[in-house]
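Q: Starting from two chains that each stand alone, build the complex the way the hints lay out.
These protein sequences, in sequence, are chains A and R.
Going by our numbering, the first sequence runs without a break in its numbering and finishes at 594.
Going by our numbering, the second sequence runs without a break in its numbering and finishes at 498.
Just so you know, the hints here were simulated from the structure itself, not pulled from any lab data.
Mixed in with the good hints there might be a few duds.
[Stated by the list, open to error] Capping the alpha-carbon separation at 35 Å, the derived lysine-lysine pairs in DSBU-like fashion look like this:
1) Lys-421/A with Lys-158/A
2) Lys-431/A with Lys-158/A
3) Lys-335/R with Lys-171/R
4) Lys-421/A with Lys-431/A
5) Lys-158/A with Lys-362/R
6) Lys-158/A with Lys-171/R
7) Lys-421/A with Lys-335/R
8) Lys-171/R with Lys-362/R
9) Lys-335/R with Lys-362/R
10) Lys-431/A with Lys-408/R
11) Lys-362/R with Lys-408/R
Bear in mind that the values here come from a model prediction, so they are computed numbers and not experimental data.
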Amino acid sequence: MATEASAIEQTVAEAERALRGYSGHDVPDDKLLRDCVHCGMCLPTCPTYRLTGSEASSPRGRLWMMRAVADGRLDLLDDAFDEQMYQCLNCRACEAVCPSGVQYGPLVEAARSQLEQHRPRPAWQRVARRVALRFPFDDVRRMRAMVSGLKLYQRSPLPGLLRKSGILRLLRLETLEAMVPPVREPALISGEESWEPDAATNRAHLFNGCVMSTVFSDVNRAAGRSLAHNGYATNVPARQQCCGALFVHAGMMDEARRLARINIDAFESAGEGKIVVTAAGCGAALKEYDHLLKDDASYRIRAKAFSDRVVDVSELLGTGDLVQPGGDVSLDVTFQEPCHLAHAQRISRQPRTILEAIPGLTLTEMRESSLCCGSAGIYNIIRRDMADGLGDRKAESVRDTGVSTVVTANPGCHMQLRTSLRRNGVEADVIHIAQLLDRAYGGQHAAERGDWAFTRGDAPHQSTGKS
Amino acid sequence: MDRTQLIADLERICGPTNVRSVPSDLLVYEYDGSVDGAVDTERPLAVVLPDSTEQVSAVVKLASHNGIPVVARGAGTGLSGGAVARGGGIIIALTRMERVLRVDPVSRTALVEPGVINLELSQLVAGQGMFFAPDPSSQKACTIGGNVAENSGGPHCLKYGVTTNHILGLEVVLHDGDVVWIDAHGPGAAGLDLVAILVGSEGMLGIATKVLVRLMPSPDSVHVHLAAFGSMDDAAAAVTSIIGAGILPASLEMMDHLTIEAVEPAYHAGYPMDAAAVLLVEVDGTRQEVAETSDRIAALCREVGATSFRSAASPAEQELLWKGRKMALAAMGRLAPNYYLHDTVVPRTKLTETLQSVNDISRDFGLPIANVFHAGDGNLHPLMLFDRRRDGDVEKVLEASHALIHACIEVGGALSGEHGIGSEKRGYMELVFTRDDLVAMAGVKDAFDPRGLLNPEKVLPKGYVCGEVRALHNQAMAQKHGIHPM
Ligand SMILES: Cc1cc2nc3c(=O)[nH]c(=O)nc-3n(C[C@H](O)[C@H](O)[C@H](O)COP(=O)(O)OP(=O)(O)OC[C@H]3O[C@@H](n4cnc5c(N)ncnc54)[C@H](O)[C@@H]3O)c2cc1C
Ligand code: SF4
Ligand code: SF4
Numbered sequence: 128m129a130t131e132a133s134a135i136e137q138t139v140a141e142a143e144r145a146l147r148g149y150s151g152h153d154v155p156d157d158k159l160l161r162d163c164v165h166c167g168m169c170l171p172t173c174p175t176y177r178l179t180g181s182e183a184s185s186p187r188g189r190l191w192m193m194r195a196v197a198d199g200r201l202d203l204l205d206d207a208f209d210e211q212m213y214q215c216l217n218c219r220a221c222e223a224v225c226p227s228g229v230q231y232g233p234l235v236e237a238a239r240s241q242l243e244q245h246r247p248r249p250a251w252q253r254v255a256r257r258v259a260l261r262f263p264f265d266d267v268r269r270m271r272a273m274v275s276g277l278k279l280y281q282r283s284p285l286p287g288l289l290r291k292s293g294i295l296r297l298l299r300l301e302t303l304e305a306m307v308p309p310v311r312e313p314a315l316i317s318g319e320e321s322w323e324p325d326a327a328t329n330r331a332h333l334f335n336g337c338v339m340s341t342v343f344s345d346v347n348r349a350a351g352r353s354l355a356h357n358g359y360a361t362n363v364p365a366r367q368q369c370c371g372a373l374f375v376h377a378g379m380m381d382e383a384r385r386l387a388r389i390n391i392d393a394f395e396s397a398g399e400g401k402i403v404v405t406a407a408g409c410g411a412a413l414k415e416y417d418h419l420l421k422d423d424a425s426y427r428i429r430a431k432a433f434s435d436r437v438v439d440v441s442e443l444l445g446t447g448d449l450v451q452p453g454g455d456v457s458l459d460v461t462f463q464e465p466c467h468l469a470h471a472q473r474i475s476r477q478p479r480t481i482l483e484a485i486p487g488l489t490l491t492e493m494r495e496s497s498l499c500c501g502s503a504g505i506y507n508i509i510r511r512d513m514a515d516g517l518g519d520r521k522a523e524s525v526r527d528t529g530v531s532t533v534v535t536a537n538p539g540c541h542m543q544l545r546t547s548l549r550r551n552g553v554e555a556d557v558i559h560i561a562q563l564l565d566r567a568y569g570g571q572h573a574a575e576r577g578d579w580a581f582t583r584g585d586a587p588h589q590s591t592g593k594s
Numbered sequence: 013m014d015r016t017q018l019i020a021d022l023e024r025i026c027g028p029t030n031v032r033s034v035p036s037d038l039l040v041y042e043y044d045g046s047v048d049g050a051v052d053t054e055r056p057l058a059v060v061l062p063d064s065t066e067q068v069s070a071v072v073k074l075a076s077h078n079g080i081p082v083v084a085r086g087a088g089t090g091l092s093g094g095a096v097a098r099g100g101g102i103i104i105a106l107t108r109m110e111r112v113l114r115v116d117p118v119s120r121t122a123l124v125e126p127g128v129i130n131l132e133l134s135q136l137v138a139g140q141g142m143f144f145a146p147d148p149s150s151q152k153a154c155t156i157g158g159n160v161a162e163n164s165g166g167p168h169c170l171k172y173g174v175t176t177n178h179i180l181g182l183e184v185v186l187h188d189g190d191v192v193w194i195d196a197h198g199p200g201a202a203g204l205d206l207v208a209i210l211v212g213s214e215g216m217l218g219i220a221t222k223v224l225v226r227l228m229p230s231p232d233s234v235h236v237h238l239a240a241f242g243s244m245d246d247a248a249a250a251v252t253s254i255i256g257a258g259i260l261p262a263s264l265e266m267m268d269h270l271t272i273e274a275v276e277p278a279y280h281a282g283y284p285m286d287a288a289a290v291l292l293v294e295v296d297g298t299r300q301e302v303a304e305t306s307d308r309i310a311a312l313c314r315e316v317g318a319t320s321f322r323s324a325a326s327p328a329e330q331e332l333l334w335k336g337r338k339m340a341l342a343a344m345g346r347l348a349p350n351y352y353l354h355d356t357v358v359p360r361t362k363l364t365e366t367l368q369s370v371n372d373i374s375r376d377f378g379l380p381i382a383n384v385f386h387a388g389d390g391n392l393h394p395l396m397l398f399d400r401r402r403d404g405d406v407e408k409v410l411e412a413s414h415a416l417i418h419a420c421i422e423v424g425g426a427l428s429g430e431h432g433i434g435s436e437k438r439g440y441m442e443l444v445f446t447r448d449d450l451v452a453m454a455g456v457k458d459a460f461d462p463r464g465l466l467n468p469e470k471v472l473p474k475g476y477v478c479g480e481v482r483a484l485h486n487q488a489m490a491q492k493h494g495i496h497p498m
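One chain only, chain R, in its complex shape (with noise of 0.2 Å):
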């Protein structure tokens, strides 16, 4: 099919104001959130921004009758490449389908489309006392649709578990357009999970299109906490004791002295800047019930030598000691031009281990490393800072990255905690699991993409979706169609 009929068709089918076709239209949807190096930018073949079920299908009919790829595409703030378009496929932005479709306070559910802002569904529902619990820190941007894809996770999730959890059911057009709606198990039900596979899938077995979502009932009582700490190490250990003590605190979260310095001029949100790490904790449940709590946590935190600890005052208070926390990330803007985020997990034994190695690989490499991370779960987010314009801070950054990920897997941690593999750790993939595990892995998708034309080349390292093969037909395709790679 040829490029001007293939755009054309696109129009019918979303209306000519939603199709992007020329290059300059089609540049910004080169990237998302992820840091500049670590994955490629791509521009796609078209983008389309669909507002109903039946155009996404539509589009998927007609893309998949062509056999060209398609990539779903929410807020873009994901951080491995997830929504890039490897070899030039249709990118379905899916940011104008962004309606709540029904909330039922008794049931505690909502159903949404998937452009739905992860905040804005919790801050619609605070009136009816709940929320939404999966809170990446980029809630405030990313959409449903996306945590649902990269089984997304945040501070909350220590207690709330991930998204996975919060996921009742979800409505998905598969790959040759036809849509389904699949249901989440309950306890006692049979046959296969496939909400459950779908959950995490990065735009690789389906693009969903509805989301029943559980809503929790906001607690009555809530208290943040913020200990200081003169090591790491004392941080690590009130963490081990806390958890250690049989405490779930509804969330656990460490900074070490580099993200206090780029987070406290920031936002001021009174994190002592001579603090070699700060412990935030949050309590969350009946009054009694998180005073107690609140009450041995301090006196734990005492005991391992904290050199501080303030427990915010007010609701105005709180928000600030968080926003230290979530904006951490992105104020790194402030130490370093670029930033490179691992997303490894660790077992909670092995923190003090492994923030031990975090350390050398700074001091080997002559690279800055913030720790800002979900100590309760053992999910670091150890960032490298440097600038890319610098001669060989890419090159180092990269082998730097490396041996992190290698000293993470040897402790037996994880790729990724919630950021998922996407096309930034596929070449990592085989380091962790094995050969059958990885066919495994492709014979699912294999499953549901018979074809491989749902967000190619994500995921599965070259070789598990003849990779080099399809990578060929790409790029045949992006010549036939006039794409030139820039």
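Isolated chain A, as found in the complex (with noise of 0.2 Å):
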């Protein structure tokens, strides 16, 4: 029995010291994952955590991973690790109700970044990787240059044809295909355009993002409307990138900084005023820059700086000074809460305060509004059973408002959820905040009407220093 025991012992040590642990930059803060208490009060908000029912796919038990591999215990490339470190959608909702005040995105974000590290991926893969994120991302021109493409492909008859044909089932991108909204307004190009209200009582600069500024440009042009009518003189700073957020999500680091000094820079000299942002993926990943360049010693407090400023448009409008739109939108809505404004940055009144501002508008709530809808950047292209098993839910909480549109405040949700209403037959229209709002005060009508000043194809100092 003894000589048994030992014998055990000896092996789980041997293979104690195979593991292998958490090395190189980006380590998991070691401090913050043992604030974790295990009390588990954050499981049933946890989206993957509701379908499956499994601990493994809960925040608790993910933290529970993530200090197993810093303890030894576990294998950093342990399929099991692996599988729960992207299973997460990092939506944050476990974070916004953890009352121990464990800062899980930061750590799942660090765990993945090990992974990066340490992955040992076939070469196809590390391509197929960087051609999927880092073509379209990392440069705001590349994206334009897809979307307008896409522009003329939604034109076409192609997309009819091609859905017949069944081609596009093969090559998987039917959901894809599906996801994505039509193109209406060409692309708002950084530096080119800004909204100036007759008195302008304050100014901000409106964060452009890739797909926001390329995909829903006319969500864009809506906040700058409403911000012009609520007194802010507002441009788009030229020379901006993409935030970085996918590429954070992906424990991709060092694309992810590389962007955000781009951005820095770029704000820094388009002057002082609020930054504000139209897409809750990027508005949560641009208040993060600080904890992103934390060891970047010139970049580290104008991080901070920068992070600061960053407020979602919402945030910003959705207060009790809200100037009080005249006109009457009769619709009946519900409001999806993307999880990077209610979890990731906390911002769950200022949206309803401004919907309820509307004349003629009547909110009802949906069942779970703030729960995952299965968008998550891109986790409903490569976790497709999950992210629709959360749309289907989502469809159904939607369906039994009996609204005729939903209202969100992310481009990932409102892709996601044009899906999943549409599987599932709910006919329901989706809108940005933003939209409703500008159609409250009149669009782009009151323009016209001379409530303020709109430019466009102003030189480029005009829009970045002038404003």
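A: Spelled out as structure tokens, the structure:
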């Protein structure tokens, strides 16, 4: 018995020696990891736990695994670890409810960075990831080119033909294709447009984003107009880039840092004033630049100053000071809270304040309005099953409210909601909150009435410096 | 039976995606909500996630046939190690059985599966003017099955009673996999009231697969008040005079200064940061009744020297005041990396005296202790704050705990108000119970579970369940199945 036991101990000891732990940069902070007292209070808010009932798919389980890797009890490259670090939607719902203040987001991002650094991936996978993520998001111009291609595609007879032919299904591009709403307006090019109220009381700089400036340029313009209506001289600083959130979520920290530095430079030279964001996911990432660049001596302090200036458009406008809209928008709506708004940024009240201020609009709350819809960056493309499960659950919640329109505030949610509603046969539109507000203010026509001056094609120095 | 065969059989019963068997998947089932250090973690042999009574029954049958222990698990928020598989048995996680099968607003009952989350049941029936009364602070996460097993209580149990008062019937899978339905006794019923025995049995007598619960009508009116005091004694005096005046508030909760320090910065609930203690008092009933009682409580608090008395004006404000209390436990992470929570109950009349002992122990051991508790029924929750990684801290906490438990027992207290004994406090059972008591309990266990396969090594101290013999047996079995303690 005794010898057997010691034999086991020896095997265990050997196995432990072979376990790979954390090393290199972005090691999950041990102190933060140990803030988790495994009380389990976060479980019911976690979308992946709700779908599976499995402890491994819960925030507590994931934190425990991260800790086990740190303690040398679990191999960093264990499949179960990899699976869980990437099954997580990084929706941060757990973080918002954790009574012990566990900072889950930075921890899972660091764990992913560890996997990125140490996981041997087949060469084709590495290339595929590079292309899939880096190509479009690394430079806004590339995204623009892709989206104008997409626009041509949407307007051509091609979509119908391809769908019928089954080629999309074959290439697994169906979801992607169905997600993207019709691109209505030309891309909003940073540095080229601004909105000037007659009597500006404040200045705002619009964060343009990659998907927002292209697929959703109409939303950004609506936000610009609404800001102007509220007395903000608003411009879109030149030289800004994608926020880098998708890189952070994928654990590709170096790529994210590169973009962060570019954005800090761009908004510093734009001068004082709030940095206003229309995509909750970008806003959350921008507000965490200080964390992302904490080890960068020359950017650390500037990153903090940058993050402090960032506000979501509904956070800035959804207060008692909102200029009361005059136009009537008769719609029955419900509000889907983007995770990165409600959980990561804890903004929940302000969007509702805006919705309640719009004449004619009726807001019906849905069940689980802050449960993740399954979008989570590019999650819905890489983790179809889980994402579809959440999308279906969301569609049912929408159906039960009987509303005609779902309001949200993030491009990922926007696209995921579109597909989920369509797949489940729920006839409801999806709209960004800034578009609704803009409509209530009279939209583009208000500009024509002379409520504020809209400038396009100004010399770059005017849009970045003057306003 | 060899391990591969066992896993294959479990997969056949529950479906391959609902069985966990590789070590890295089992890792996350080695803990529950208990404090690090107070309860040893332990990896189970396997975990199954059944979704019907039939599956639970088949798993138990299979396990019983092979002499393998089984442990039911709800949300794993338990604080006494109840859901940790001692000796490496099969964990039956009931988290996928979360359907509300029937709500009857006329008889005010609901039939639910065990994995239904406590608060979500109340939310579901709120529209029909009802609620499920037992409200542990963990109600956002814990399951009805766990509540039944632990006979959980909460702030509102002062007026409404604990879980056992709200369970009308249970479907139970017995040790050999048989399924039975048992009704709770109404007044005048004859025979043994088995529901009363099963509720609070910590998963040692059977696994609940359906629960018929009583729902209470939502009160017309609710008031929440916050009284602040310059000393713990004054606050305790207020409790005594409120109860002494024949008032039965819906709840009567007390928090000391240290707790306020953890909670207030986290939730901005409006607790005065300079108070030595606060009392959170909730009164419910008809509008007039509530108004009158509230006035009386305000007067009584002022009489014993309350430094302030504030009433929540809106439901949102009520919720905020409550949030501070409900989240208090968990907010302790802000004061220290680890806490050890005790759950002793003392007679209400000994409250002041016991709080003094707690204070002394804190001083003697140099260990901060926060007090947040159900003052109305004398259920103390002293929280010892420590840092597991600091040398000697764990030992200090265990010694201080020993002293604390002794102090409570000396004034006629009980080991646990609501968190159960589990594996955490089974070593203390002999302090409170005589040999005869324990033999009697072992007899009940034996009648339900003759081979000791249901949640072994819990509640009853070693020796009363042939502990040593069984531990050896389990060890041998773990080795046979290739589970290595890590
Ligand atoms: C922050 C926090 C606050 C808490 N506050 C309170 C409080 O105020 N009052 C209170 O009473 N408790 C409290 N608890 C303790 C705990 O939440 C309760 O004991 C709860 O009832 C456990 O439910 P669970 O679903 O998490 O059960 P688990 O922890 O999963 O299991 C607990 C026990 O029940 C058994 N069990 C679970 N399901 C079944 C079933 N279907 N059939 C048979 N046995 C079963 C398990 O084997 C185990 O022994 C708190 C815990 C935390 C973390
Ligand atoms: S993350 Fe927070 S809520 Fe979740 S188990 Fe850990 S301490 Fe509890
Ligand atoms: S971030 Fe979202 S998906 Fe990930 S563990 Fe937290 S709640 Fe779950």
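Q: Decide, hint by hint, whether the structure agrees.
A: Status of each hint after checking the structure:
1. Restraint check: the Cα-Cα separation between Lys-421/A and Lys-158/A comes to about 16 Å, which is no more than 35 Å; the hinted pair holds.
2. Distance check on the hinted pair: Lys-431/A and Lys-158/A sit about 22 Å apart at the alpha-carbon level, within 35 Å; holds.
3. Restraint check: the Cα-Cα separation between Lys-335/R and Lys-171/R comes to about 20 Å, which is no more than 35 Å; the hinted pair holds.
4. Between Lys-421/A and Lys-431/A, the direct Cα distance comes to roughly 9 Å. Compliance with the 35 Å bound is thereby established for this hinted pair.
5. In summary, the hint linking Lys-158/A to Lys-362/R is not supported, as the alpha carbons are separated by about 40 Å, beyond the 35 Å threshold.
6. In summary, the hint linking Lys-158/A to Lys-171/R is not supported, as the alpha carbons are separated by about 41 Å, beyond the 35 Å threshold.
7. With a C-alpha separation of about 33 Å, the suggested pair Lys-421/A and Lys-335/R falls inside the 35 Å cut-off, and the hint holds.
8. Simply put, Lys-171/R and Lys-362/R have alpha-carbon atoms about 20 Å apart, close enough for the 35 Å limit, and the pair holds.
9. Straight-line distance between C-alpha atoms of Lys-335/R and Lys-362/R comes to about 28 Å, which keeps the hinted pair within the 35 Å bound.
10. For the hint pairing Lys-431/A with Lys-408/R, the CA-to-CA distance comes to about 41 Å; that exceeds 35 Å, so the pair is violated.
11. Distance hint between Lys-362/R and Lys-408/R is fulfilled; the C-alpha atoms sit about 26 Å from each other, no more than 35 Å.
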